[in-house]
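Protein chains: 2
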Amino acid sequence: MSVLIQNGLVPVAEGYETTSIHLEGDRIVAISPDLQTADVCIDATDKLILPGFVNAHTHSPQIWQRGLIRPLPLELWLADVFDAASSSNLDELYWGAVSTAVETLLSGGTCIMDHVLLPWNQELEAAATVAQAYRDVGIRAFIAPLMMDEPFLAGLPRGRSRTSQPYPRSTADILALMESIIQQVHHPSTGIQVAVGPTGFHRCSDALLQGYAELSDRYNLCRHLHLLETQAQKLLAQEKYGESAVHHLQQLGFLDHRTTLAHAVWLDDRDLEILANAQSTVVHNPLSNLRLGSGIAPILKCRKAGVNVAFGCDGAASNDAQDLLEALKLGTILHTLTEPDYRHWLTPRQTVQMAALGGAKGVNLADQIGTLEVGKKADLVMYDLTNLSLLPRTDPIRSLILGRPTHVVEAVWVDGTQVVAKNQPLKIDRQTLHHHLLTHRQQGQQVQFQTIHQVEPHYRSLLPDFVQLDP
Amino acid sequence: MSVLIQNGLVPVAEGYETTSIHLEGDRIVAISPDLQTADVCIDATDKLILPGFVNAHTHSPQIWQRGLIRPLPLELWLADVFDAASSSNLDELYWGAVSTAVETLLSGGTCIMDHVLLPWNQELEAAATVAQAYRDVGIRAFIAPLMMDEPFLAGLPRGRSRTSQPYPRSTADILALMESIIQQVHHPSTGIQVAVGPTGFHRCSDALLQGYAELSDRYNLCRHLHLLETQAQKLLAQEKYGESAVHHLQQLGFLDHRTTLAHAVWLDDRDLEILANAQSTVVHNPLSNLRLGSGIAPILKCRKAGVNVAFGCDGAASNDAQDLLEALKLGTILHTLTEPDYRHWLTPRQTVQMAALGGAKGVNLADQIGTLEVGKKADLVMYDLTNLSLLPRTDPIRSLILGRPTHVVEAVWVDGTQVVAKNQPLKIDRQTLHHHLLTHRQQGQQVQFQTIHQVEPHYRSLLPDFVQLDP
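Protein chains in written order, with this note's numbering: chain A, 110 to 580; chain B, 110 to 580.
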């Protein structure tokens, strides 16, 4: 079936132009103001058309912890998240992924990297469940099962010596389990891929990271992990390796052009050089970084050093929404704090490019998605410029990124299939989603937060080592 | 007419309780779970009820510049705003105020401080027009005509010597004009007040500020002005006064308990002490401050020093939305950057209190609004907790402040009158508002930005004097 999106506004080098886009199957086959017919014609008058963004870091099961966790730094927040997550089941997992996918689509995203914590001893079935959710919604997705082989306290500076119990699963078992998940769930031709997803260097052995790199090479998988989200992690890297975590990951062979690194707040100049040379991608999650007090990722420095940047929402426990446009707004204006010369501040157009093409590069699909180009996959989003929240009409991209657009996503195509129309998902019933979230209502109020009491005294002993960030 | 809002959720010291609220005329006359009858009963099951917030700093005519201005620091941004604003007329002024009021109501605000730039030589009629807009929407409002008696360049360090032309209106004429506006527009009993609104010390003479203080005393008016929004202004204060701007304002008698100071980013410890003693209010506009690269207002230090804090959206030219909940989210999470000890981070409940009671104190109405209390004015907002963006149900205030609530304001009462129902303004037709914003569509693209070329070389010469804020 061919689709003609007629007379839409697209950004060009200077300003915008009105044109039409012809889709055939999963591809963009023509872009021109002169296209006339197709099986289906869509009127895009007063619509802005952009390539879909990549939500390059989130944790879909955290939808169930939205609004649940107190303002706390990552290491203590994590203790609360662990307590809250213990009740996860496959039904929750499914609807958490559906909800995340729908929120991503309705805020301009067409692709998602889900760093998903799967229920213990149900990992295979759970990964298949999440994959099914994304297939049901119709979003492009990477499922990166979040795993580790070191216990909680080992992830804190001076915590390794206080860890008496080993992690309850061997490195070899984790790698074997991961390979089973790959064999069952990784189907690139359907738009659902598996990525290797160690939680980060802070709770993974070298053996696990190297095993993941080997799996990634063998199956051509993306690699995704947390990196230097907090000062505590930076201190830990010195303690664990006697060197920078980035350099250590490079030495292990973990950094390549398919590697996305969530957060990367505490990079130094040498780290930037290594990441640029490795062609790895930093995923900026500005909302989560502020909520958890992690700091400001050096995005302007990344760009200057030639490090690719993408955007993510992070999970709903650390950013209690999954709205990419909100992350893009903050990720645009936040960096004025780090740079007095306004000529280096991010423009909304640069942000759009990072969110689309930067994300596509990160997940190794830059030849397929991330721009509106003939021959590329039809992953695109149509925004309604007559929506009250985007009025009056001035500069559409500036209003979209710097405003507070609400219900502006008129239509979305993923892989050539329309999956959103009139701001509603087409392949999933939003009322059913609403019902599942609504009936879950009382669970949150019953969580007993206990783990934090074990972690907090140790964490507090670290505070004097943290540099005050006061401007 | 009496109204009973039945079985709503309200925050109490520990958690929440379900209760009913009885309104009679403009007042809350009872709060109790046992109330049974009234002329009108409203079912508030699954609704959260909070006191209305105060949007304590905005510029309503800037609605027309939403999305129009490039990322620039305040001083250069202002040059673009001046060029863009030159076409303002009374019809635009009216619909700009209506739009600002509606967005404020639909994001939890019931009161607005409009630091409004009125068209030259139409000030009286224009102020009346803005007042009419607020009366038509039904929001409580303070109209603070933005005035100055020094030319543009005088507001920049080393700019005074480059200013050849005096300001084209005398200080005496400005004060006389202001008094006419007060006499015509200031009607506290209708919920519409006038406030004195000098733009700030940076473009006002001592005579103007003292004249305003005298008018404020004579008519019991609030005082509102910009304060130390940028580093440039801090440098200017040293140059202009040889001392802190805050100390100078205190010496002039401008600081009192009715004074709200927008931004106050560049305060030092002594300034905080002066503001606490004067019982003046800092208005935090975090979105605008990031977009313009102004820095982070020291809100945690304000609280510690006993300085009252309120929240504002600022105008749509520097925060391309007028959503108070968005400002509250950023204003909650931003301050983790300034404080490594998480025990001092803001909680969503503290934010709600600042936005409601803090705002009420700022506009000298703490005895009337800002809390849900018997005897106070019925300025309250009912949020729908079954809205998809607030699900699953966990902690309602945390979800409201840290999430991305969309269309959650179910009902609003101002002065006892219901002005919003089912997320729609009741007293104004939203379709008509939409029509006015839509038909204005092409104006923005025709603006010629010229003034910036005169200002930019001078501004750039100041950059080396600015401290790098890099974390």
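No lab work stands behind these hints: they were computed from the structure. From the three backbone atoms N, C-alpha and C, an ideal C-beta is built for every residue, glycine too. Incorrect hints may appear among the rest.
What the hints assert, rightly or not - Pair ranges (Cβ atoms, derived):
#	chain 1	residue 1	chain 2	residue 2	range
1	B	Arg179	A	Glu482	51 to 61 Å
2	B	Leu199	A	Ala122	32 to 42 Å
3	A	Tyr125	B	Ser298	42 to 52 Å
4	A	Thr456	B	Gln555	15 to 25 Å
5	B	Thr456	A	Ala122	25 to 35 Å
6	A	His453	B	Asp378	44 to 54 Å
7	B	Leu199	A	Thr548	43 to 53 Å
8	B	Asp378	A	Gln563	34 to 44 Å
9	B	Arg569	A	Tyr350	19 to 29 Å
10	B	Pro297	A	Leu535	46 to 56 Å
11	B	Thr541	A	Thr456	26 to 36 Å
12	A	Ala237	B	Leu572	53 to 63 Å
13	B	Thr456	A	Gln563	18 to 28 Å
To be verified - Chain A is nowhere near these chain B residues, computed Cβ spacing over 12 Å in every case:
#	residue
14	Gly134
15	Pro142
16	Leu262
17	Ala316
18	Lys485
19	Asp504
Unchecked claim - Here's a subset of chain B near chain A, in silico, CB distances under 8 Å, partners left out:
#	residue
20	Arg267
21	Ser270
22	Tyr350
23	Gly404
24	Ile405
25	Asp432
26	Ile442
27	Leu443
28	Tyr451
29	Asp493
30	Thr495
31	Leu500
32	Thr503
33	Gly512
34	Leu546
Compare the structure with the hints numbered earlier in the document and write down the numbers of the violated ones, lowest to highest.
Structure breaks hints 1, 5, 6, 9, 19, 20, 21, 22, 29.
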